[in-house]
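Those protein sequences? They're chains A and B, same order as listed.
Quick note on numbering: UniProt numbering labels position 155 of the first sequence as 155, and the sequence is numbered without any gaps.
Quick note on numbering: UniProt numbering labels position 230 of the second sequence as 230, and the sequence is numbered without any gaps.
Fair warning: there could be bad hints in the mix.
Said to hold, decoys possible - Keeping only pairs whose Cα atoms sit at most 27 Å apart, straight-line, the calculated BS3-like set for lysine-lysine is: (1) B:LYS254 / B:LYS161; (2) A:LYS163 / A:LYS190; (3) A:LYS123 / A:LYS163; (4) B:LYS212 / B:LYS190; (5) A:LYS55 / A:LYS78; (6) B:LYS258 / A:LYS123; (7) B:LYS254 / A:LYS123; (8) A:LYS221 / A:LYS55; (9) B:LYS190 / A:LYS78.
Everything labelled a hint here was simulated from the structure, so no lab data went into it.
The residues making up each chain are set out below.
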Amino acid sequence: MTAQPIIRVENVSFAYQVNQDQQIPVLQNVSLEVFPGEYVAIIGHNGSGKSTLSKHLNGILTPSEGDVIVNGINTREKQRIHEVRSRVGMVFQHPDNQIVATIVEDDVAFGLENIGTSAEEMKTRVDFALEAVGMSAFRHRPPHHLSGGQKQRIAIAGILAMKPQCLVMDEATSMLDSYGRRDILAVVRKLHREGMTIVTVTHHMSEVVEADRVIVMEGGKIVLEGTPRQVFSHQERLRELHLDVPDASRIAHLVHSGHSEFSRDLIHIGEVVAEVNRVYIRQAEASGS
Amino acid sequence: MSAEFELTRNITIGQYLPTASVVHRLDPRFKLGAFVILILAIAICDTYVGNLFALAICIWMFQISKIPLHYGISGIKPAIPFIIILAIMQLLFYGEVVNGGTVYLKYGFITITSESVRLVIVSAMRFVEVIFLSSVLTLSTSTTELTHGMERLLGPLEKVKFPVHAFALIITIAVRFVPTFAMEMEKMMKAQASRGADFGTGEWWRIIQRTKDMFPIIIPLFNVALSRAEDLILAMEARCYTPGAARTRYTEYKAVGKDYAALIACIVISAVMLAIPW
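For reference, chain A alone in the conformation it holds in the complex (with noise of 0.2 Å):
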């Protein structure tokens, strides 16, 4: 990754006020940095603060310490909050509760529409964005019709017309049935190879296995970052943080403890297949020379 980072955390620490003199730390001491184009996956059990360092990042939240630098702009900056928001876009878990209009495409426009958008450049970029998640089809329906999956595209495209550098899911996925959750990482995955930057909150492990790198969160702070296959390396350290690993990674590292020669670092299921036969092979060959 090159250049400057488009969002930059530094040692933000944060809490909750529950009165006057008693509050619930949730943050401490973070710092991470997101480059152009990365597509990073943060995880941890409830609790551990992800979904509030989320929050964080385009300033729906503001540090009690430290800085959150979005582009060179402070998201305490109250006056350039709405650069702020546009550049960085935020999907949210619950499907039903970001749809704002009674018609679909009203609905797109919404946050043009707050940023000052001229009418026919908002035609354009709603025709853009319903396109990219593919809803075209629906533009004249109200939302209601609208399956999880669908409405959650539609808060996608309600985002993306505000053409955002960056996309931050906050467990965009976990209301979602299957079918829904498919069509929206589908989406995403378009999304980043078009070159936009992800960021997700998530549980599901097959989500964390798409991303170019892990964050970690336990007791608000950051405990393990790397790729994915680095971070699934750790089995131990996971399963001591409550978290699951993906089956192909579990199954590679049983594999593993009975046949070392069988490779662990393996987060695909693809990839174990391919293990499987390679050393199956291999030990046919041995026997068979």
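Let chain A serve as the given structure and place chain B on it in line with the hints.
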């Protein structure tokens, strides 16, 4: 039993009936404006012939908007008790109040004159006309168009600091969440019923009992509504919404000849209605 919980099926928000008629395609601002003018004329007009004329116009409007008249008539049905009670009250007590006309009957405090009879009949006709007109409006205009139209018409009020946009947004969000809450309520009713709660089985006159029956639904529904509202605020903020800030508009309406023609036609109709002397 099952039909009792099917709330979402029975929901018609607004009651848009897309027949793609010329009335449907009118600019909602002009349609609303024309509607207001006609309603005002109906409210002022108190002659038999004027109201007959208005009634004929209302029925004709069903015709040109290609909406079957029975939609309008079904709108009158729930209003019939009110119309009757109003008519009886006016008949009994208005003779003394409205001056003039020949006295038909005088018995104690009850005075029936030709003027009070006219008032009774005209009021009933007004009721029907207003219901017909609003039916045509809501059947030929989607809720989205209605809110857009209202927002534009109220636009000038922004000068006196009336939050027109916020007002329109509130209506939009309310309409948007009606089906969502209906679905939510359906789920809760099923969940509570499966744990033995009773809905609507009490006698209808035991209003207090029946109201109490609804508590296990209403309270969680409020709870859910509040948490949804919180989510919605976050999502709106994430999309740069600032209350009271200037915004641009996605849907723009451009009035064409037929919009002006329709408005003028309605003004002429109103004028004729008021000019008829009998």
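Checked hints:
1. With a C-alpha separation of about 26 Å, the suggested pair B:LYS254 and B:LYS161 falls inside the 27 Å cut-off, and the hint holds.
2. Between A:LYS163 and A:LYS190 the CA atoms are separated by roughly 15 Å; this keeps the pair inside 27 Å, and the hint holds.
3. A hinted pair counts as satisfied when its Cα atoms are at most 27 Å apart, and A:LYS123 with A:LYS163 qualifies at roughly 14 Å.
4. With a C-alpha separation of about 17 Å, the suggested pairing of B:LYS212 with B:LYS190 holds against the 27 Å cut-off.
5. Between A:LYS55 and A:LYS78, the direct Cα distance comes to roughly 15 Å. Compliance with the 27 Å bound is thereby established for this hinted pair.
6. For a cut-off of 27 Å, the pair hint linking B:LYS258 to A:LYS123 stands: about 25 Å separates their Cα positions.
7. For the hint pairing B:LYS254 with A:LYS123, the CA-to-CA distance comes to about 16 Å; that is within 27 Å, so the pair holds.
8. With a C-alpha separation of about 15 Å, the suggested pairing of A:LYS221 with A:LYS55 holds against the 27 Å cut-off.
9. Using a Cα cut-off of 27 Å, the hinted pair B:LYS190 and A:LYS78 is violated, with the two alpha carbons roughly 46 Å apart.
In this structure, the one hint that does not hold is number 9.
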